[in-house]
Each structure stands twice: as structure tokens, then as C-alpha cells.
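Chemist: So the sequences go chain by chain: A and B.
All residue numbers for the first sequence refer to our numbering, where the first residue is 1 and numbers rise by one.
All residue numbers for the second sequence refer to our numbering, where the first residue is 1 and numbers rise by one.
These are calculated hints, taken from the structure and not from any lab test.
All of these numbers come straight from a predicted model, not from anything done at the bench.
All residues carry an ideal CB built from backbone N, CA and C; glycine is no exception.
Incorrect hints may have been included.
[Said to hold, decoys possible] Which stretches of chain B does chain A cover? Using the computed rule of at least three CB atoms under 8 Å from a CB of chain A, they are:
| no. | region |
| --- | --- |
| 1 | 110-124 |
| 2 | 150-164 |
| 3 | 221-230 |
| 4 | 281-288 |
Protein chains: 2
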Amino acid sequence: MTTTTNRIFNFSAGPCTLPLEALERAQAQFADYEGQGMSLIEMSHRSKTVDGVHNEAIALVKELLDLPDNYAVLFLGGGATLQFSMVPMNLIRNGGSADFTHSGAWAKKAIGDAKLIGNTHVVWSGEESGFTTLPDPASVQTTDGAKYLHLTSNETIGGIQWQDFPDVDVPLVSDMSSDILSRPLPIEKFGIIYAGAQKNIGPAGMGLVIVRDDILEQCPDDLPLYYNYKKHAGANAMLNTPPVFQIWMVKLVLDWLKEKGGVQWSQQMAAKRSGLLYDAMAASGGYYRCPVDEAVRSPMNVVFRLPSEELEAKFIAEALDNGMSGLKGHRSVGGCRASIYNAMPLEGAEALASFMADFAARNG
Amino acid sequence: MTTTTNRIFNFSAGPCTLPLEALERAQAQFADYEGQGMSLIEMSHRSKTVDGVHNEAIALVKELLDLPDNYAVLFLGGGATLQFSMVPMNLIRNGGSADFTHSGAWAKKAIGDAKLIGNTHVVWSGEESGFTTLPDPASVQTTDGAKYLHLTSNETIGGIQWQDFPDVDVPLVSDMSSDILSRPLPIEKFGIIYAGAQKNIGPAGMGLVIVRDDILEQCPDDLPLYYNYKKHAGANAMLNTPPVFQIWMVKLVLDWLKEKGGVQWSQQMAAKRSGLLYDAMAASGGYYRCPVDEAVRSPMNVVFRLPSEELEAKFIAEALDNGMSGLKGHRSVGGCRASIYNAMPLEGAEALASFMADFAARNG
Numbered sequence: 001m002t003t004t005t006n007r008i009f010n011f012s013a014g015p016c017t018l019p020l021e022a023l024e025r026a027q028a029q030f031a032d033y034e035g036q037g038m039s040l041i042e043m044s045h046r047s048k049t050v051d052g053v054h055n056e057a058i059a060l061v062k063e064l065l066d067l068p069d070n071y072a073v074l075f076l077g078g079g080a081t082l083q084f085s086m087v088p089m090n091l092i093r094n095g096g097s098a099d100f101t102h103s104g105a106w107a108k109k110a111i112g113d114a115k116l117i118g119n120t121h122v123v124w125s126g127e128e129s130g131f132t133t134l135p136d137p138a139s140v141q142t143t144d145g146a147k148y149l150h151l152t153s154n155e156t157i158g159g160i161q162w163q164d165f166p167d168v169d170v171p172l173v174s175d176m177s178s179d180i181l182s183r184p185l186p187i188e189k190f191g192i193i194y195a196g197a198q199k200n201i202g203p204a205g206m207g208l209v210i211v212r213d214d215i216l217e218q219c220p221d222d223l224p225l226y227y228n229y230k231k232h233a234g235a236n237a238m239l240n241t242p243p244v245f246q247i248w249m250v251k252l253v254l255d256w257l258k259e260k261g262g263v264q265w266s267q268q269m270a271a272k273r274s275g276l277l278y279d280a281m282a283a284s285g286g287y288y289r290c291p292v293d294e295a296v297r298s299p300m301n302v303v304f305r306l307p308s309e310e311l312e313a314k315f316i317a318e319a320l321d322n323g324m325s326g327l328k329g330h331r332s333v334g335g336c337r338a339s340i341y342n343a344m345p346l347e348g349a350e351a352l353a354s355f356m357a358d359f360a361a362r363n364g
Numbered sequence: 001m002t003t004t005t006n007r008i009f010n011f012s013a014g015p016c017t018l019p020l021e022a023l024e025r026a027q028a029q030f031a032d033y034e035g036q037g038m039s040l041i042e043m044s045h046r047s048k049t050v051d052g053v054h055n056e057a058i059a060l061v062k063e064l065l066d067l068p069d070n071y072a073v074l075f076l077g078g079g080a081t082l083q084f085s086m087v088p089m090n091l092i093r094n095g096g097s098a099d100f101t102h103s104g105a106w107a108k109k110a111i112g113d114a115k116l117i118g119n120t121h122v123v124w125s126g127e128e129s130g131f132t133t134l135p136d137p138a139s140v141q142t143t144d145g146a147k148y149l150h151l152t153s154n155e156t157i158g159g160i161q162w163q164d165f166p167d168v169d170v171p172l173v174s175d176m177s178s179d180i181l182s183r184p185l186p187i188e189k190f191g192i193i194y195a196g197a198q199k200n201i202g203p204a205g206m207g208l209v210i211v212r213d214d215i216l217e218q219c220p221d222d223l224p225l226y227y228n229y230k231k232h233a234g235a236n237a238m239l240n241t242p243p244v245f246q247i248w249m250v251k252l253v254l255d256w257l258k259e260k261g262g263v264q265w266s267q268q269m270a271a272k273r274s275g276l277l278y279d280a281m282a283a284s285g286g287y288y289r290c291p292v293d294e295a296v297r298s299p300m301n302v303v304f305r306l307p308s309e310e311l312e313a314k315f316i317a318e319a320l321d322n323g324m325s326g327l328k329g330h331r332s333v334g335g336c337r338a339s340i341y342n343a344m345p346l347e348g349a350e351a352l353a354s355f356m357a358d359f360a361a362r363n364g
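Excised from the complex, chain A in its bound form:
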């Protein structure tokens, strides 16, 4: 077994760094789970062991997000991209409409798919600002006939986050791929929360979907099997063979999060980590520029520019030489981005902030 002594700080936007404790626990049991003579990923998904791991993962999501009993927790293959169409298939295919806020690249994908399935309205768009800001949540209005209001709680590429959520008469549906379990939520506002697992809670290849009872009741009977939330919920998300490995890893990551102190802890840590980086920018005298409106800066994805693209390339390369990877901005926008999800140690943000100051001093 290789050692993990050379572990580096991985600022990738997702897949991304996971808690080393969770990885090592999985590794220890990988080929022989609890002495049962086989790997967990070789066991029937109907076995007591897999069922137990699955139910523990569900219970951890419920406990950590303080979910009332009228929410179902589903772990579904396909990730958030499948949810872009699955939500409207369940809610607006047979009538009604959906309202959207357009906050950037991920909101755009959700809107694009919904448009193909039913009626949609974009009730707010950040396009003119270059997706660097968000509206005052209190100002967001829905349209007549809307069955839900969709928002992307954190835009991974733009580096913006809804700090609070609109108060509207319809359920909120939110893509929380990049900030799920990073803060407490006013859960009663939400009808559906979905998130690709590969940022805050586990490896890629699965979506976490949280659905309220009244939404489940609206799912049409004539949807194909895999698309139907109600059928998944009725089978406790074992309608088909689930992604057992990802469920196991989510359980291990959430065990770790619970041990650390839950979403109160992750929220505090996110503020500390991002604070170090935003402060480093402020202290740089304009060397590092964050394009995002201060009020909505993301504590998960910190985007920034340097004085030139050449310096950005140099910064990214030197950071890698110093044990910090994944700092290149998304190819659609360029620049730099530090993704600092729950599993990023504070030391990672400290190292990056220190490197930023040093790099600016050397390349001013």
C-alpha cells in the first residue's frame, strides 16, 4: 500500500479533495468488508450490510441537515446533470410552469433542459453583470402558474453564492452541488434539493436528491421508471441497483463531518478558509482581483484574476510546485479558482494565502 505522506492540497472544483480519514477507512476495508470475505462493492444491494450502509447514509443526511420527516433522501446515479431534466419531467411535463433565476453556467444548463420539457420563465438574470452578482432574495417574484422556483445555490464557475433564499409562495428547487452540507438550511422553503456528490460529500457518479412529500405526490405515474421520484422513494432508492460505492463513501464522509461538528462546523470552517483568501486579495493592493460582488462571494469557490494571463499561468504552475493543485479557473472564464469544500484543511487555505502574498511580492 502506498503511503499518503506526500498528500497535496487539491483545489479542484470537483471531483475534489475528500477527507483523508474517510479515504483511509475505505481503503482498510476495501477488499474485505468487516471480515465478511468480500468487498462491500461485491455484496448484493439487498444484503443487510449494504442496506445498513445505505440507511446510515440517509440517516446522516437527515440528521446533519435537520430534515423533517416529510423529506425523502435518494441517492441516484447520473449526478446533477440528470436532475436538470428529472425535476421538470416530474413537475411540469403535464402542465404548469417553472420559474428560474439565471445565475451562471449551471443555472443555464438547468434552464436549458427544463425548456425542452415544459414552460419556463426566467424571473431574474445576472447575464448583464457577467454573472458576478445575485438579486436581493426579498426582491425575487414568481410568475402565475409557477410550480416551483429554481435556483443554483452556489455557482462553481462564477464563484457566487446565495447567502439567503427567497420567500415565495412556491417551493424552491435548488441545485446545491457545490455547497450542500456546507451550512444550515431553511429547509422548509425547499421542495427539492439536488446535488452531485463530487464536491462536498463524496466521489463523482451520484446525485443526492432530497424531496418533500407533497412533491412526490405530484410525480406522474406515466414517467419512465428511472425518472420517477415517487417510485424511487417508495423503494427507499433501491428501485434499481444503486451506486453502492458512492453511498458508502458518502456515509464515511458524513461520519467524518458529524465527528467534526456538522454543518455549523463546516460553515465556520468555510468562512475561515475563504476569509483567508479574500483577505489575501484585499491585502494585495489590487494585484489579485475578485470579479464577484462582495455580498455574494462564495465561500466554496474563490475566483480571482492576476494582472495578466502570463502571470496566472506562472502562478498556477508555481503553486503546483509548492504542493497546491487545481487552481486553474474553468476553461470558459479563465483566471484562477480555489475550490475549498468541506474537506479542504484550513492549512490548505493558509498555505495558499501565504503563497499568494509571496507570489505577488516576487512578481509585482
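Chain B: place on chain A using the hints.
Modeler: For chain B alone, kept in the frame of chain A given last:
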């Protein structure tokens, strides 16, 4: 790290036994992949390393199945259940129809979803026989307007397998979840082959989809993003964040299969393993009864009954005490079932055949 000295023979229908060599290779690199200071499942899916593993997995599928250049290989989250609707969404949603052979529980699910999306015809059904037989492939006829003929190459629950495939004027579409890569294929007959990974090629949570170019050209532009084979193929199956772990495991399993001798080897081994079990039944003087027509008995899933349900329960329990698990038949049909996919060692089938003889002698 726990040892694997107590490894048992796991006859589960899927998830199921995987090659110990592949599991141990994954375990060794699990928390630190090739000394890069992070796990493979923490790396960006756009990284050279993940891209490399992904392309190697694709290349192995192409090599082992001897796929011509006009077939694309996709690894998609959601498993075979999602394919039940994805195939008709791409091929018959906007017109035309699909022909189906109804061979059992899995074919029924594929038919059920297709019916909700477009026109379907069942051109052959095994319902009257209790799904214990299949038609002569040469006798299968398609209907006018059919865009494809669907078949389930191996029915996991019923324990039957198409030994040869129909010659028809339309492309075959086949669910090969339970016998993919267990034998060479007349690939030119197939337009689409799909398979949940969790039987012959890896862990649960992913579907392998093989699609021919002319099928890709038929995919409608107005399908939601995730459903569109053409868009997945255009992005080399990186349209969204793929299930990296499963892709890695498939690569490791297929490395192992290639080292062993590819599909010629797996076909020979399947014949040996299943031969041992079918021979044990024949030698039992009617103690063990296989309900399946001899000509279509599956080399992957061997189903059998004992003289009573009590004896079946005793058989399953004693087998477990003797290091053989997962022998209970599917809950919908009862009885016993030994699933003996590629990774089941010959010794597992030998042990089971020997146990069957011994049990019958003691409980005759």
C-alpha cells in the same frame, strides 16, 4: 488493512464477485494514486490521469469485444434501468416503433418503459412457458416500421441465455447486463448494447453503452442533455462528471480479463463452471431440477430447485456455512440460483458442485 485470506465464494447475482487482483490493485492505490498525493477519485475528471484511465477503459472494451471503429463506448451513470427509457427516447420518441422479445423480468422492464415513450410490438413472448425457453433465433420476425429489435441476451432471474442472435433487417438493441464480455459477439448485428456494470465488469452504479454511428445520427437534438447519446459520444462520455471510480474498476477488471485471455477465455471458463453445476444436477437423479430448456440454459445464472422449499432453505444456509454465499433465488421466483460471472473462480463452481452432491446424499 484487513487480509483477504478468509475470502468466500460469492454467488450473488449482482453486485457480485470481482477479481481479487483488481480489488487489491485498487486498494493499494486507493488513497494515493501513483504517488500523486491524492486519490484517483479526488482528481478532476478533466485531468490527464483520469482522462487516461477513461480512455484505457474504452480501449479495453473495444479491444476485448473487437469493436469496429463505427461504435462509440460510453460509461454512463444510472445503470441499465436508465437505458430502458434512454434507448426509446433516442429512437422512437418522434416516430417509428420498436420490436421486443419478451424473455422475462428484465425484458418486461425494458418493454414497460418503451411503451410510455413510443410504439412497441412484442414479436415473441416466453410468458406461456414461464420464461423457461427462447425462440429459434432464425424464426424471429420484425414488424413494419420497427427501428430496432430489443432482446435481453441473458435473463438473470430466469437463467436463460440467447445462444445465437436473430438475423433481421433492423439493428439489434440488447441489454447484456448479465453476460457482457463473457463471449465473443457478432457485433455487426447490434446498434446498441447496454449493460449495468455490476455483474461481469465492475461495481454497481454505471452502465456501459456501446452505440453504432448510424444510431447516434438518429438522436434528436431536442432531448434533454443527459438522455442524448450523440451528445455524450461527442464529448467522449465526459458531457457531465462521469462515475470515475466505476470506470477505474472496469479498467482494472478488463486488464485482468485481458491478461487471462479475453472473451475466448471467459467463454471457456463459463462453459466449464456452468457445466459442473448442470452436470451435478443431471447426476442427482432428479434431486436438483433446472426448470430451463436445455438449449438455452445460461452459463452465467444457474437456477435450480430442490425437492422442497425447506430443503432449499437448508441448502442455502449450509452452503453459507461452507463459504458459499448468495445462492438464494430471486425473491420473485424462489428456489436457488448460482450466479457465476467472469470473476468466479473455477474452484467456486467445483466447491458448489461437490457440496450439491454431498447435500443430496445427506438429505435424499
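Chemist: Decide, hint by hint, whether the structure agrees.
Modeler: Each hint, compared with the structure:
no. : hint    : result
1   : 110-124 : holds (count 4)
2   : 150-164 : violated (count 0)
3   : 221-230 : holds (count 6)
4   : 281-288 : violated (count 0)
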